[in-house]
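Enquirer: Listed here are the chains, written in short residue letters.
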Amino acid sequence: MGERLRPYRVLVGSRMRSQTTYRRSFVSDLLGSVAIGLMEFAEVYVVFANVDVLGDLDFAAAALVFALANVGFSMADLLVGHADNLPVYLREGTLDAFLLRPLPVLAQLITSDVSLRRLGRVAVSVVILAVALPLNDIEWTAAKVALIALTPLTATAVFAGLFVCAAAVQFWLVEGSEFTSAFTYGGAYASGYPASIFSLPMRLLFTFVVPAAFTAYLPVLVLLDLPGPPGTPHWLGWCAPLAAVAVWAVALLGWRAGLRHYTGTGS
Amino acid sequence: MTEPIIQVRDLRREFVVRTPAGRLRRTRTVVAAVDGLSFDLAEGAAVGYIGANGAGKSTTIKMLTGILVPTAGTVRTCGLDPVRQRRELARQIGVVFGQRSQLWWDLPLAESFRALAAIHRLPEASWPVRRDELVDRLDLGEFLATPVRQLSLGQRIRGEIAAALLHSPRLLILDEPTIGLDVLSKERLRVFLAEQRALHGTTLLLTTHDMDDVQRLTDRVLVVDHGRLVYDGTLPGLTTQVGAERVMVVDLVEPVPDLGTVDGARRVAVESDGLRHRFAFTPERTTAGAILEAVGRRGQVRDLAIEEPDIEDVVRRLYLAQIRGDDPAAAP
Numbered sequence: 232m233g234e235r236l237r238p239y240r241v242l243v244g245s246r247m248r249s250q251t252t253y254r255r256s257f258v259s260d261l262l263g264s265v266a267i268g269l270m271e272f273a274e275v276y277v278v279f280a281n282v283d284v285l286g287d288l289d290f291a292a293a294a295l296v297f298a299l300a301n302v303g304f305s306m307a308d309l310l311v312g313h314a315d316n317l318p319v320y321l322r323e324g325t326l327d328a329f330l331l332r333p334l335p336v337l338a339q340l341i342t343s344d345v346s347l348r349r350l351g352r353v354a355v356s357v358v359i360l361a362v363a364l365p366l367n368d369i370e371w372t373a374a375k376v377a378l379i380a381l382t383p384l385t386a387t388a389v390f391a392g393l394f395v396c397a398a399a400v401q402f403w404l405v406e407g408s409e410f411t412s413a414f415t416y417g418g419a420y421a422s423g424y425p426a427s428i429f430s431l432p433m434r435l436l437f438t439f440v441v442p443a444a445f446t447a448y449l450p451v452l453v454l455l456d457l458p459g460p461p462g463t464p465h466w467l468g469w470c471a472p473l474a475a476v477a478v479w480a481v482a483l484l485g486w487r488a489g490l491r492h493y494t495g496t497g498s
Numbered sequence: 034m035t036e037p038i039i040q041v042r043d044l045r046r047e048f049v050v051r052t053p054a055g056r057l058r059r060t061r062t063v064v065a066a067v068d069g070l071s072f073d074l075a076e077g078a079a080v081g082y083i084g085a086n087g088a089g090k091s092t093t094i095k096m097l098t099g100i101l102v103p104t105a106g107t108v109r110t111c112g113l114d115p116v117r118q119r120r121e122l123a124r125q126i127g128v129v130f131g132q133r134s135q136l137w138w139d140l141p142l143a144e145s146f147r148a149l150a151a152i153h154r155l156p157e158a159s160w161p162v163r164r165d166e167l168v169d170r171l172d173l174g175e176f177l178a179t180p181v182r183q184l185s186l187g188q189r190i191r192g193e194i195a196a197a198l199l200h201s202p203r204l205l206i207l208d209e210p211t212i213g214l215d216v217l218s219k220e221r222l223r224v225f226l227a228e229q230r231a232l233h234g235t236t237l238l239l240t241t242h243d244m245d246d247v248q249r250l251t252d253r254v255l256v257v258d259h260g261r262l263v264y265d266g267t268l269p270g271l272t273t274q275v276g277a278e279r280v281m282v283v284d285l286v287e288p289v290p291d292l293g294t295v296d297g298a299r300r301v302a303v304e305s306d307g308l309r310h311r312f313a314f315t316p317e318r319t320t321a322g323a324i325l326e327a328v329g330r331r332g333q334v335r336d337l338a339i340e341e342p343d344i345e346d347v348v349r350r351l352y353l354a355q356i357r358g359d360d361p362a363a364a365p
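In order, the protein sequences belong to chains A and B.
Each residue of the first sequence is one higher than the last, beginning at 232 in our numbering.
Each residue of the second sequence is one higher than the last, beginning at 34 in our numbering.
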């Protein structure tokens, strides 16, 4: 296994070194990423400074939703976010270079970069999570401990899968990154809020099409033993891994079809 | 040795070109970039694949390497199906696109080589030996630690070629490797490639616009035009077939404004008030020696050079000859 992964380790390692070479610009990028995380949280804070309860969640619960969603999203952004560079790679022939190397193209795309500056936002999210957890009145059980440990991982997987889906679509759209960003970044934004504040169509979109609600809101309902809006069975909160698997299945099929379209069988 | 390293049969690749027609409608035209190509390449051969811009050279290379799927026909490279066995093939071939970099822009070459060694899973004990050989032969030592984006074109191309050869491929495919290089860099590259071929028996497929590349590096020429193979043979055979003219440039010691006519040669130009004369000729009609002798009788020759016909010219003549052959009515 270790030997199988050696190429990727070396690739990612070289990306990391090249990013940290210019220390000052790296630090400023890092601080920028921290600032973005803080700004987004400030938005939630401002909302709850005006209302006590939103979508049946109080501030502590909403902060927990925000933190879980953001840990997942910022981790996915760090690991796979650069997949939206695909149009540039297509234009500059980088993808052809990938095709000439004896590794899977998607694995090369994912390891072609790792945006360490996005660690800033990961850190902000983790701090908010650490603060929000004790603020909530959770009756801890072994299952709930497992759920809170699992949720950031599944959230990362869901968002990473969404990034790959978005990248796959670029094979057809070429200049359509604005369109796909609506689903990746839009999904990330939606996941940071209690899904109950959205109208039904939006809620369905961000639950079953873009499974953003699984990344934080639904697990939080389970953690806090809250009923959620009508038509939201409790067990849905446990289904995040299924959502992640579903997103990745679509992502991998889409990627394969996209690559085939690029090399010409699909067109 | 029995199986050809490249086997192409009735290869065809179409592209759909959409052009706007009116406000919303678009017309859809199918263009064949490669149109019924067949050829074999024996292991160890050195072949020049030439043709004008847009003749289908790069499209062919993309199909040989698994980047593009043929619309029809078959390709076997190193005995493999390039698209379905892409990763296996990638271990056996090295490809350089002169105008597109395969290196990492922000990494120094030393780091790129390390990454490529890992990608190809080269044994830790042996690949540095190969790297050192390439660094030495391509003279990369001075800029090994410089990020690729800061290298000059010549330095970068040398780096690209080293990168393509690091895993000791059986087949090296070079797409316009000398484009934009100065004379000295071109020369060094040619010497290196000839040496690698002699040393490792690497098969070489080269597309180029530079006749000198073809002459110096290859023993067989394939000419492609409008996606079809229009010539397959040696370079001298090609120039004979199309009657492409070589040009002899003669510099005289004393200016002679009018040298008169030379049998079998065509006077192209008189320059510098008669100090320099140009004669075009084909090998069937006269020889360089005969022209030199004729000129020598009328003036003292100080220096001479022979310019070979350029590829665009050869291909154009080949094309015209074909039109004439296939359809007499179209003859100019």
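Honestly, I wouldn't trust all of these hints.
Stated by the list, open to error - Simulated DEER-style distance windows between Cβ atoms: (1) B:I339 x A:R254: 55 to 61 Å; (2) A:G244 x B:D114: 32 to 38 Å; (3) B:A158 x A:V440: 51 to 57 Å; (4) B:T267 x A:P335: 37 to 43 Å; (5) A:R322 x B:R117: 45 to 51 Å; (6) B:A158 x A:Y276: 39 to 45 Å; (7) A:D283 x B:R120: 38 to 44 Å.
What the hints assert, rightly or not - Stretches of chain A that chain B covers, calculated by requiring three or more beta carbons in the stretch to come under 8 Å of a beta carbon on chain B: (8) 237-247; (9) 322-336.
Note that these hints are calculated values from the structure, not bench results.
Where a beta carbon is used, it is the ideal one built from N, C-alpha and C, also for glycine.
Enquirer: Verify the coverage statement for the region 322-336 of chain A against chain B, using a C-beta to C-beta distance below 8 Å and requiring 3 or more qualifying residues.
Expert: holds (count 10)
Enquirer: Take a look at whether the Cβ-Cβ distance between T267 of chain B and P335 of chain A falls inside 37 to 43 Å.
Expert: holds (42 Å)
Enquirer: Per the hint of 39 to 45 Å, is the separation of the Cβ atoms of A158 of chain B and Y276 of chain A within bounds?
Expert: The hinted range 39 to 45 Å is violated for A158 of chain B and Y276 of chain A, with Cβ atoms some 58 Å apart.
Enquirer: Take the C-beta atom of R322 of chain A and the C-beta atom of R117 of chain B, compute their distance, and say whether it sits inside 45 to 51 Å.
Expert: violated (26 Å)
Enquirer: Is the hinted range of 51 to 57 Å satisfied by the C-beta distance from A158 of chain B to V440 of chain A?
Expert: For A158 of chain B and V440 of chain A the Cβ distance comes to about 52 Å; the hint holds.
Enquirer: Look at the Cβ atoms of D283 of chain A and R120 of chain B and judge whether their distance stays inside 38 to 44 Å.
Expert: violated (58 Å)
Enquirer: Return holds or violated for the Cβ distance of I339 of chain B and R254 of chain A against the range 55 to 61 Å.
Expert: The hint (55 to 61 Å, Cβ to Cβ) holds, given that I339 of chain B and R254 of chain A are roughly 58 Å apart.
Enquirer: Is 32 to 38 Å right for how far apart the beta carbons of G244 of chain A and D114 of chain B are?
Expert: Holds: the Cβ-Cβ distance is about 33 Å, inside 32 to 38 Å.
Enquirer: Quick check: the region 237-247 of chain A, covered by chain B? Criterion 3+ residues, Cβ under 8 Å.
Expert: holds (count 6)
Of the numbered hints given earlier, the model fails hints 5, 6, 7; all others are met.
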